[in-house]
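Trainee: Sequence:
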Amino acid sequence: RPPRSTLFPYTTLFRSTDRKENLRVEDGNLVIQLRKESYNGKQYTSGRIQTRGKKSFTYGKMEARISFPAGKGTWPAFWMLGQNGSWPACGEIDIIEHIGSRPAFSSFALHTQQNNGMNGTNWHSGYTADKSVENEFHVYGIEWVEEEKNGCDQIHFMVDDVVYATATENLMYINQNSYWPFNQPHYFIINLAVGGTMGGSIDDGMFSQDVLMKVDWVRVWQRDEIE
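In the numbering used here, the protein residues as written are 133 to 359.
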């Protein structure tokens with residue numbers, strides 16, 4: 133697939149590294165730290181981790197217990213990409229994206245060949261909590277179910293085990309991967325971005341303290357095949 137920088141211009145601002153300063157395990161959590169520093173021509177550094185080439189899944193319940201950082205301009209995400217083909221034909225499931233300029237809001241989205249963020253027709257929804265969800269743990273996940281409704285797949289988006297949105301395969305285009313590529317393996321990505329189309333303007337004042345995305349665990353459940 134194309135480099136993510138060609139799809140999401142925010143990558144011009146920062147670079148993801150595998151240095152312990154950006155990506156580490158600490159006190160039992162995966163920690164991704166966003167830092168303001170000059171590094172290889174970028175203004176910020178952060179981290180990103182994925183299971184590409186290691187583990188992919190088709191259908192099931194996928195969840196992660198995550199604490200998002202506070203700070204205007206932050207854009208952390210827990211998401212999945214199809215392992216076959218290039219973006220957007222491979223499919224993208226944005227299980228959760230948080231926007232630091234809206235501390236109580238989180239977004240869900242799907243991207244396909246026909247309907248994606250580049251042409252502005254992707255499926256998307258959102259969840260607004262009663263208060264900020266930052267710097268505290270919540271469980272974000274999906275239930276991705278095969279042929280659940282009239283023979284069509286569905287993906288339910290959940291926060292703390294409550295369903296807030298559901299995307300349903302279009303019966304008119306059933307089994308057409310350009311509209312619904314979510315019948316094939318997808319792998320996980322967890323990252324902390326800054327700025328860009330969703331992150332927006334950046335308040336560098338947030339760096340008066342550590343800007344940390346923490347992941348306690350990622351879990352997957354799948355149904356047993358019944359013969």
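Any given hint could be a false lead.
[Said to hold, decoys possible] With a straight-line cut-off of 27 Å between C-alpha atoms, the simulated DSS-like cross-links for lysine-lysine are: (1) Lys193 / Lys168; (2) Lys193 / Lys174; (3) Lys187 / Lys263; (4) Lys204 / Lys186; (5) Lys152 / Lys193; (6) Lys152 / Lys187; (7) Lys168 / Lys204; (8) Lys193 / Lys204; (9) Lys204 / Lys281.
[Claimed, not checked] Estimated spans, in silico, between C-beta atoms of each pair: (10) Arg184 / Trp255: 19 to 27 Å; (11) Glu169 / Val295: 38 to 46 Å; (12) Arg355 / Glu268: 48 to 56 Å; (13) Gly258 / Arg355: 48 to 56 Å; (14) Thr183 / Asp293: 30 to 38 Å; (15) Asp159 / Trp255: 34 to 42 Å; (16) Met304 / Asp150: 43 to 51 Å; (17) Asp336 / Ser264: 30 to 38 Å; (18) Val295 / Lys263: 35 to 43 Å; (19) Thr190 / Tyr305: 17 to 25 Å.
Simulated from the structure, these hints should not be mistaken for laboratory data. In this text, a Cβ means the ideal position worked out from N, Cα and C, and glycines have one as well.
Trainee: Compare the structure with each hint and give your call.
Mentor: Going through the hints against the structure:
no., hint, in the structure
1, Lys193 / Lys168, "36 Å, violated"
2, Lys193 / Lys174, "37 Å, violated"
3, Lys187 / Lys263, "35 Å, violated"
4, Lys204 / Lys186, "33 Å, violated"
5, Lys152 / Lys193, "30 Å, violated"
6, Lys152 / Lys187, "23 Å, holds"
7, Lys168 / Lys204, "13 Å, holds"
8, Lys193 / Lys204, "31 Å, violated"
9, Lys204 / Lys281, "39 Å, violated"
10, Arg184 / Trp255: 19 to 27 Å, "23 Å, holds"
11, Glu169 / Val295: 38 to 46 Å, "40 Å, holds"
12, Arg355 / Glu268: 48 to 56 Å, "31 Å, violated"
13, Gly258 / Arg355: 48 to 56 Å, "28 Å, violated"
14, Thr183 / Asp293: 30 to 38 Å, "23 Å, violated"
15, Asp159 / Trp255: 34 to 42 Å, "37 Å, holds"
16, Met304 / Asp150: 43 to 51 Å, "44 Å, holds"
17, Asp336 / Ser264: 30 to 38 Å, "20 Å, violated"
18, Val295 / Lys263: 35 to 43 Å, "21 Å, violated"
19, Thr190 / Tyr305: 17 to 25 Å, "19 Å, holds"
Hint compliance for this structure: hints 1, 2, 3, 4, 5, 8, 9, 12, 13, 14, 17 and 18 are not met, and every other hint is.
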